[in-house]
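Student: Same order as they appear, the protein sequences are chains A and B.
Its first residue numbered 2, the first sequence is counted upward by one per residue in the working numbering.
Its first residue numbered 2, the second sequence is counted upward by one per residue in the working numbering.
Because the hints were derived from the structure by calculation, they are not lab data.
None of these values were measured; they are calculated from a predicted model.
Treat the hints loosely; a few may be bogus.
[Unchecked claim] Below, computed lysine to any residue pairings styled on SDA-like, alpha-carbon distance capped at 20 Å:
(1) A:257 x B:148
(2) B:56 x A:125
(3) A:257 x B:145
(4) B:56 x A:124
(5) A:175 x B:145
Given next are the chains, with one letter for each unit.
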Amino acid sequence: MNSGWSRFNISSIVLGFAFLYLPIVLLIIFSFNESKLVTVWGGFSTKWYGSLFNNQGLMDAAWVTARVGVISATVATVLGTMAALTLTRYTRFRGRILFSGMVFAPLVMPEVVTGLSLLLLFVAIGLDRGFLTVTLAHITFSMCFVAVVVQSRLVSFDRSLEEAAMDLGAPPVKTFFQITLPVIAPAIVSGWMLAFTLSLDDLVIASFASGPGATTLPMKIYSQVRLGVTPEINAACTLMIGVVAVGVIAASLINKRREIQRQRDEQAAQRA
Amino acid sequence: MSNLAASADTMNIDAAAARPLASRFLSGLVSRLVIIVPYLWLLVFFLVPFIIVFKISLSQTAIAMPPYVPAFSLEDGISGFFSQLGQMSIDNYLWLTEDALYFNAYVSSIVIAGISTLLTLLVGYPIAYGMARAPANLRPTLLMLVILPFWTSFLIRVYAWIGILKPEGLLNQFLQAIGIIDDPLLIMNTNTAIYIGIVYSYLPFMILPLYAALEKMDYSLIEAAQDLGCPPISAFWKITFPLSLPGVIAGCMLVFIPAVGEFVIPDLLGGSQTLMIGKTLWNEFFNNRDWPVSSAVAVILLLLLIVPIMIFQAAQARAQEQSR
């Protein structure tokens with residue numbers, strides 16, 4: 002079987018990962034460049050990080066992005082989990098096909114179309130564009146991603162656990178919080194993280210849905226990138242990559258540890 | 002066994018009867034809410050906006066705020082609604098067919114997305130294949146490494162390529178330093194830059210379904226073919242590729258569908274002459290402030306995507322049936 006792991010396979014993997022990671026690595030390296038020219042190395046320096054923290058516009062945008070991200074991810078996780086429960090538990094109610102269509106359509110919708118349609122809605126109902134409208138827009142598209150993640154966990158969920166709790170007299174709401182929720186918790190956590198990063202990354206929908214006073218970090222970066230590449234933007238990007246990478250790696254380590262613990266518990270239970 | 006089930010049943014009824022009426026009412030209400038809240042949310046923020054887009058695409062441009070007529074409002078009542086309905090027209094759609102700009106933008110979006118999808122397949126297939134044949138204990142790590150870039154911002158990953166591709170950028174510096182070229186390659190602001198951007202940004206979407214299909218494959222089939230004297234290349238085309246076809250279709254659609262409406266990549270890496278429909282819509286909206294025409298552009302973009310989306314869904318449904 003090991004013959005499959007040939008030189009060709011190894012080199013295609015190495016080249017592939019070099020392609021995936023080299024641009025990001027170069028971007029990070031050049032954020033520590035002394036020179037103002039982004040592509041000419043002028044020695045190591047962290048001065049761009051210093052000037053980053055003195056750039057009031059960028060810091061304001063980062064603060065807006067963080068708040069929008071946390072609020073929209075949290076609401077989207079609640080709504081997305083409800084949508085996932087609806088899709089897996091309630092197989093018969095009026096308008097189910099429309100509902101599942103509305104959950105899956107935003108996943109393949111071009112961002113320009115989603116952004117435009119939300120903006121036209123906000124104008125039609127007379128809602129001033131700003132912090133609230135960006136948050137509403139982000140909740141709407143990220144709740145569908147949460148729903149898909151949580152749904153995939155609910156499908157493989159062993160419902161006899163719930164039935165046992167209810168047979169023993171636990172009311173459905175209590176059963177949900179004591180049995181179902183702990184079991185699907187990892188999926189909910191990864192759903193929240195996905196929603197948060199989607200909100201953190203989004204440029205197109207935010208540009209449509211946002212108004213004066215609620216410029217998000219991607220919008221700010223985009224407007225500066227159009228004027229040219231600067232080491233300061235490299236530094237901002239590096240920090241964003243760092244935040245997301247730490248979060249993702251930590252979450253996957255926690256998940257892995259839980260998995261090992263669960264396997265150990267199962268083995269212990271079997272031995273007993 | 003049936004006795005046991007029966008006694009469990011009576012216990013169930015007893016427990017239900019013992020539960021106070023108020024709590025039963027509460028749980029009924031809660032399960033209603035679980036359906037109603039996300040349902041209403043999606044109706045208001047997803048379906049209604051599309052109806053508005055469609056409606057505005059039939060309206061006319063006006064110098065006003067909002068910049069189109071007729072603007073429905075509740076105060077006009079039913080008769081006002083019908084008199085305004087008479088003002089709607091398909092002029093914007095006719096305008097889209099008259100001005101070659103839009104037609105060209107649609108065609109070139111599809112061509113650019115198609116070429117990029119093929120290139121992504123060519124780059125992604127060997128990687129996915131290599132991962133599927135890697136030692137089993139290495140595979141989770143490799144998978145994690147493919148997914149990780151997907152978590153970093155799209156905008157940042159596209160931005161990273163500007164520094165590499167521009168005339169005095171890192172790629173040209175490198176190629177000139179090792180003496181392959183004398184004059185810098187002009188890649189930035191061309192379609193080539195867009196292809197590179199799309200392949201790079203969407204590569205994980207291609208690799209993941211390909212890997213899922215290739216990993217399930219029974220490789221003793223290949224060994225059998227080779228034992229019977231089939232050369233490796235024709236074994237690949239006769240066995241491996243057909244078996245990975247569901248992954249190929251899913252991956253291609255996952256790249257093609259978002260690439261057609263892409264805005265960031267053509268805007269940052271492509272030049273001013275690059276025509277892609279997402280960029281056209283953006284300009285129409287933000288620069289020309291022509292809301293009705295940009296709505297019509299959006300409606301046609303969606304119509305274009307219906308066929309690939311249906312291909313994708315059919316492929317997904319088939320894959321689910323097979324795994325059962």
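Student: Taken at face value, is the distance from the CA of residue 125 (chain A) to the CA of residue 56 (chain B) at most 20 Å?
Tutor: holds (11 Å)
Student: Is it true that the CA of residue 56 (chain B) sits at most 20 Å from the CA of residue 124 (chain A)?
Tutor: Given that 20 Å is the threshold and the Cα spacing comes to 14 Å, the pair holds.
Student: Going straight from one Cα to the other, do residue 257 (chain A) and residue 148 (chain B) come out at no more than 20 Å?
Tutor: Holds, because 16 Å separates the two Cα atoms, which is no more than 20 Å.
Student: Run the distance test for residue 175 (chain A) versus residue 145 (chain B): straight-line Cα separation, threshold 20 Å.
Tutor: The given pair, whose Cα atoms are some 36 Å apart, is violated under the 20 Å limit.
Student: Please verify whether residue 257 (chain A) and residue 145 (chain B) have alpha carbons no more than 20 Å apart.
Tutor: holds (12 Å)
When the structure is compared with the earlier hints, a violation turns up for hint 5 alone.
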